[in-house]
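Construct the entire structure; sequences and hints are all you get.
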Amino acid sequence: MAQRLKEVDVVVIGVGMVGSIVAKELAAAGYKVVGLERGQTRFTVPEFQSPAVHDELRFDIRKALMQDNTREPVTFRNQGAQVALPVRRWESFLPGTGLGGSMVHWNGQTYRFQATDFQLATRTRERYGKNFLDPDVTIQDWGVTYDDLEPHYDRFEYLLGTSGKAGNIKGRIQAGGDPHESPRSRDYPTPPQKEHFQGAMFRKAAGSLGYHPFPQPSSNLSQPYTNPEGVKLNACVFCGFCERYACEHYAKSVPQTVILPVLLANPNFELRTGCQVQRINLDSTKKHATGVTYIDAVGRVFEQPASLVITSTFAINNIRMLLLSGIGKPYDPATGHGVVGRNYAYQTMSTVASFFDEDVIVNPFMASGASGTLINDFAGDNFDHSGLGFIGGAYIGAVNTNGRPIQYHPVPPGTPAWGKGWKQAVVKHYNHTVMFSCHGSSVSQRQNYCDLDPTYRDAWGQPVLRITFDFPPNDIKMAAYVTAKAVEIGKAMGAKQVVGSPRKGPYTVTQYQTTHNTGGTVMGDDPKTSVVNRYLQSWDVPNVFVIGASNYPQNATWNPTGTLGALTYWAIDALKNKYLKSPGRLVSA
Amino acid sequence: MDKVTRRSFVTTVGAATVAPAAALLPLTAPAAAPPAKSADLAEPPKTTYLFFNTAEVLFIEAACERLIPADESGPGALGAGVPNYLDKQLGGAWGAGERLYRSGPWQPGTPSQGYQLPFTPAELFHASLRAINRDLDAHGTPFHGMSPEAQDAYLKSLESGAHDLDGVPSGVFFDMLLKMSIEGFFSDPVYGGNRNMVAWRMIGFPGAYADYFEAIDRHGVKFEREPMSLAEDGHGHIHVRQDIPANL
Chain A
1 MAQRLKEVDV VVIGVGMVGS IVAKELAAAG YKVVGLERGQ TRFTVPEFQS
51 PAVHDELRFD IRKALMQDNT REPVTFRNQG AQVALPVRRW ESFLPGTGLG
101 GSMVHWNGQT YRFQATDFQL ATRTRERYGK NFLDPDVTIQ DWGVTYDDLE
151 PHYDRFEYLL GTSGKAGNIK GRIQAGGDPH ESPRSRDYPT PPQKEHFQGA
201 MFRKAAGSLG YHPFPQPSSN LSQPYTNPEG VKLNACVFCG FCERYACEHY
251 AKSVPQTVIL PVLLANPNFE LRTGCQVQRI NLDSTKKHAT GVTYIDAVGR
301 VFEQPASLVI TSTFAINNIR MLLLSGIGKP YDPATGHGVV GRNYAYQTMS
351 TVASFFDEDV IVNPFMASGA SGTLINDFAG DNFDHSGLGF IGGAYIGAVN
401 TNGRPIQYHP VPPGTPAWGK GWKQAVVKHY NHTVMFSCHG SSVSQRQNYC
451 DLDPTYRDAW GQPVLRITFD FPPNDIKMAA YVTAKAVEIG KAMGAKQVVG
501 SPRKGPYTVT QYQTTHNTGG TVMGDDPKTS VVNRYLQSWD VPNVFVIGAS
551 NYPQNATWNP TGTLGALTYW AIDALKNKYL KSPGRLVSA
Chain B
1 MDKVTRRSFV TTVGAATVAP AAALLPLTAP AAAPPAKSAD LAEPPKTTYL
51 FFNTAEVLFI EAACERLIPA DESGPGALGA GVPNYLDKQL GGAWGAGERL
101 YRSGPWQPGT PSQGYQLPFT PAELFHASLR AINRDLDAHG TPFHGMSPEA
151 QDAYLKSLES GAHDLDGVPS GVFFDMLLKM SIEGFFSDPV YGGNRNMVAW
201 RMIGFPGAYA DYFEAIDRHG VKFEREPMSL AEDGHGHIHV RQDIPANL
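Protein sequence lines, in the order shown, are assigned to chains A and B.
Counting from 1, one number per residue, gives the positions in the first sequence under my numbering.
Counting from 1, one number per residue, gives the positions in the second sequence under my numbering.
Simulated from the structure, these hints should not be mistaken for laboratory data.
Be aware that one or more of the hints could be misleading.
Derived lysine to aspartate or glutamate pairs resembling DMTMM-like cross-links, with alpha carbons at most 25 Å apart [stated by the list, open to error]:
no., chain 1, residue 1, chain 2, residue 2
1, A, K63, B, D175
2, A, K63, B, E98
3, A, K287, A, D525
4, A, K232, B, E232
5, A, K428, B, E98
6, A, K576, A, D540
7, B, K179, A, E91
8, A, K428, B, D217
9, A, K420, B, D211
10, A, K165, B, E159
11, A, K428, B, E72
12, A, K496, A, D359
13, A, K420, B, E159
14, A, K428, B, D175
15, A, K63, B, D217
16, A, K420, B, E98
17, A, K420, B, D217
18, A, K165, B, D211
19, A, K63, B, E123
20, B, K222, A, D525
21, A, K496, B, D217
22, A, K204, B, D217
23, B, K46, B, D71
Between beta-carbon pairs, the in silico distance windows are [claimed, not checked]:
no., chain 1, residue 1, chain 2, residue 2, range
24, A, V301, B, P142, 53 to 63 Å
25, A, S386, B, A150, 36 to 46 Å
26, B, G171, A, N168, 29 to 39 Å
27, B, D166, A, K232, 50 to 60 Å
28, A, G80, B, G171, 21 to 31 Å
29, B, P142, A, G80, 32 to 42 Å
30, A, Y512, B, N53, 47 to 57 Å
Being a predicted model, the structure only gives us computed values, none of them experimental.
Heads up, the beta-carbon is just placed ideally off N, CA and C, and yes, glycines get one too.
In structure tokens form, the structure reads like this:
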């Protein structure tokens, strides 16, 4: 029997990046906010300190900071005709858990999407015609524009202190920045990080080919910074232990270093960790949420009534929360009807390895999670796709993040997998290889979706999420095209051997690619094709807001966190200035 | 004393990104332990086995050394203590199924669905090694008694996945053995492999050393210093920058 607690104004499910920012804003506006976090409390001191934090086996290989998949796994299959089986070990993507969420172990690569991304369906139709795309592709417009989000991108970047160089300020192109970016209102809060050797080699080679290299925007800061919340960060020292690790240096922008000190000092906010939310509760009309039911760390069941529920968990967990709560119609790929779980997408990652002789010393271990140099010349819709048979693109960059040797020991194709030949190749190439990433977009497609698994259960007895996904032919074509361009840059660097590895199918959960899972609770203007409206409010249950990369109707070229930060502030603006003044639907269905 | 050498890539890329030689400063680093003596590296580690039985040890020690052999670049798996790493991992939480979702039902999946056997790593090694040693006994020559060429041929036959090792496809066992051997070779020595950081010295990885702020834009300069293990943290923190408040 659940113990019923005192009603509060707002319950936030998941105290990661989104939850921390939303809770801070609403608590500061005078609302009583409870944050329910399934993981444990953790801070830079003492939890993230060295020497323990520099342990590749524990954090990279054993995935110490990740969602406990022994209690809460997902199942996966490539095609709807297959039986989905549990992802028994995390590999392909790595959702985090604990206070601060997945952002604690991010790399800090902080991008904006471009104006065209938010109107992708319209833009594609206008530029390439109605029949350009595979009919299975289900891309759609977002319901917001870049101009809507620009002030919120700006606010998020200044919260983080992101280090970068603007390429376009109010329409004026800036030397050294990305000339393809949509106009920003001002430059980044801090200058770019120092450029590592691979970045410099890439910059010269890409420039010699007529491309437009620029420094990667990084939320591992180039210099000390005090953000508008009054929280102080340090400069990053390029330790090379960033993604999959927490930062010991107060140099990576994560909730602990940018917002939690302010949130936790506000008496209007109460943090409860170790709380696994089972469902959002609805009243008998199924159109109004009454709060949530959760189970705490010692197994007690609670009902927390609230006037407003915000689910701000990792993308795939947002989808599952709605499915478990019966909010929104589940998507059916056979009919194309239903919305929850629809338009699940990912990121299409390819790599290029450039092998040099021993006189080129790279020092791959000197890096931050977001150091490096890249081009956007083959990203998004920055090039003409006529006759290419695909949309989207990838940024190409020497954005090496580390030289941690269990994971990083590049060898050329044809090298034996073990024995003397393998060992000699590892020794020969470790410090003399430059890796490029081709970080590509991902279209949504009719066959790719998420629903509840009919067989497998989590530790609390609830169905786990089932992911059905394979790379759309559109994205395989895109990867082949862009990777070939990246190989040309490797050759222009003067490498002895350049090896491109364009992403190919089938999608596998056995190899790390990215943790950029998107879609499933997508935003839009039409309740038939979206779960939430343009303010991230549920069409079906207006006092539930869903905020996450699960809102993306398809995934763009770039890392999703910057756009999620902008959407978070966009939704907060609507909550504070519209919804909470007069609760109800913000958009009529 | 830390050595600094300058290698340029002028011939391949151009001089603009390489600092003039006169501007180079020594890469400073905190006091480091003297390099390990070569005699230390040559001496095989003494392992007290807690997980593997005697017959298993004979196979594991010989097989790991074929996967990562000693050569002119330095010790192999045996000299680095990789069998000791495997023994401690398999005898501990990882062997028992740490971070492995273990609920059924079980059924074979597609390669893209990953590992789907009910075996924990500990169970998988015991089952596989029992089947391997039984197979080799029947043919008269134990693995550790074979020539290196014959050992490699046998390992390749396991790698191909052709054998059923008491329910474990031999390719699955081989992949796990290889993956864990590479882990043991390159992980921090606190886990029992990479003894004296031999694998890190071999490739030039500085280990847990954590500050390259002054070095990162000294392009093309080899960073030569003693690597640092988690176990060498004599001051409570591997920090070299006083402005970072590690001891708040």
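Subject >> Ascending list of hint numbers which this structure does not respect >> reply: 4, 5, 9, 10, 15, 16, 17, 20, 25, 26, 29, 30
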